[in-house]
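Based on these hints, arrange chain B with the ligands on the given structure of chain A.
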Amino acid sequence: MLSITDLTVSYGPVEALNGVTISVPRGEVTAVIGANGAGKSTLMRTLAGLVTPAAGQATLDGEIITRKRPEDIVRMGVALVPEGRSTIPELTVEENLRLGGLWRQKSDRRTTQAEVFDLFPVLAERQRMRADTLSGGERQQLAIGRALMSNPKCLLLDEPSLGLAPLIVTQILHLVRRLADETRIAVLLVEQNAVTALRMADTGVVLNLGRIVQTGPAPAIASDEKLRHAYLGY
Amino acid sequence: MTSFIDYLIGGVSNGAVIALMAIALVLIWRATRVVNFAQVGQAMFTTFVALTVQTLTGSWALALVVAMVAGAILGVIVQFLVLRPMRRADTSGAIIATFGVLIALQAAVGMIWGGDAQAYPQPFDNAGVVAFGRIWPISVYDFVVIGVTILLVIALSLLFTRTSIGLAMRASAFNPEVARLSGVRVSRVLTFGWALAGVVGAVAGVLVAPSSTVSPTTFDILLVFAFTAAVIGGLDSLVGAVALGVFAGLVISLVSGLSNSGNAPVVALVLLALSLITKPDGVFGHHKARAV
Ligand SMILES: Nc1ncnc2c1ncn2[C@@H]1O[C@H](COP(=O)(O)OP(=O)(O)O)[C@@H](O)[C@H]1O
Ligand SMILES: [Mg+2]
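These protein sequences, in sequence, are chains A and B. Be aware that the first sequence starts at 4, since it is given in this note's numbering, and climbs by one per residue. Be aware that the second sequence starts at 192, since it is given in this note's numbering, and climbs by one per residue.
Looking at chain A on its own, in the form it has when it is part of the complex (with noise of 0.2 angstroms):
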């Protein structure tokens, strides 16, 4: 379980989040939703180690994740998926799924590759291509399958749908919510597109300005009027 207590991160004179505390079990999709600017994507930087908070914590199954290295919390079980492409464009598919777990053993690897290749069979035929050969629906799947290769306890997606067409964004949110149920991993899933995103989700969590407005289960949180108007725009 990835807990986050009083989480506050500043940029300057910025304070882009103020006291989160998300709780996101194992098996389980926590999804934070919230506008453009609301903090969505400091939180999950700040949880891989790109970004350092100025006070309060996370920890991954009471392990202290926060003020560490990003390459040190990859290897402790909690891997990032960032906003935007976060493929290798000039590196083959092979390679970027090699590259998710270059610091295995070459066994470990083989056999985690073998469930990204069953997760996502389309990386299984693009293999030798190279990644920016690939649609951008496959692009997030293979970056979604470079995050997996690190067998994470925890993983952290940002944005998986920005830019897909809606087709492609519900089969995605759906692989995601199988990962979930079959590995048992635990997914922060960070999205603008909060209707999807919380059909699949077990927890809602709102976000706005930096502070948490809002936590309960998805369906709750997807019918409530008033959170809807004031914080998600629709």
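In short, the hints are calculated from the structure, not lab data. Don't be surprised by glycine CBs; every beta carbon is placed ideally from N, CA and C. You can take every hint at face value.
Stretch by stretch, here's where chain B covers chain A in the computed footprint (C-beta under 8 angstroms, at least three residues):
id	segment
1	71-77
2	86-99
3	102-114
Chain B regions said to be covered by chain A (calculated; three or more residues, Cβ under 8 angstroms):
id	segment
4	351-360
5	369-383
Calculated pairs, SDA-like style, for lysine to any residue (alpha carbon to alpha carbon, straight line, at most 25 angstroms):
id	chain 1	residue 1	chain 2	residue 2
6	A	71	B	381
7	A	109	B	379
8	A	156	A	140
9	A	109	B	354
Just chain B with the ligands now, kept in the frame of chain A:
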């Protein structure tokens, strides 16, 4: 016509050395976005180390190996000198720092080994090979130079395509953030890149030494040609560095042969200017998608 072909043949081994030096520049540029002008200073320093070993032991091969080890160590030291104080500055500060290191290395060599040009012993037969009833403008030693270069280029391409450290180096160069998120210790990988460039530059120095002399500044001209080749090749591209390095060797040989050798640097600079005007990303470079 015969002389034209002879000049081309005679330029190949020189081109091989330029290619190696260009590779060293490209290795560091790709990883850190720094053009390491100190590279020739490092190569010159390690060549003097090799000369000392060669004088003491008489073994050319041992001298080469010691120079390679020294090149790796010196590469790490130079990275530390150039990049540590520049942490927060942009890379143009670091590039200026490499000039400082070059001057410091030249001064150090002058103090340790003296400022005069010294001869580097010829390890193999340097006379033109005789075959098909004539003497060719290429010696056994030229074949050694070309052979060592080919071996090194093959070893490097295997390193980059077949090994974990090679993949880590490419990933760290292309996208350091994704590399770190994947668990790659990027700063260590970059240091390895500086060491590797040091090794390649050291080999270039030892290979070229017998054909010139060694003094604190002899290799400066090599920097001009290697930099030209690296930039025209696209700075990001190892293939470009090799191809343009050899090409530069041929052009220099032709220009020197047909006019006089003093014109070669001028021709290099003209080519460089033309290339920057017509193909700013280099013949083998890609603006967005960088080549392997
Ligand atoms: N590197 C940065 N430096 C300064 N301010 C930043 C930086 N990154 C984000 N911010 C600011 O922090 C706030 C939250 O940004 P972000 O976490 O990217 O939000 P979201 O992902 O929800 O759109 C915004 O006001 C943004 O302008
Ligand atoms: Mg964001």
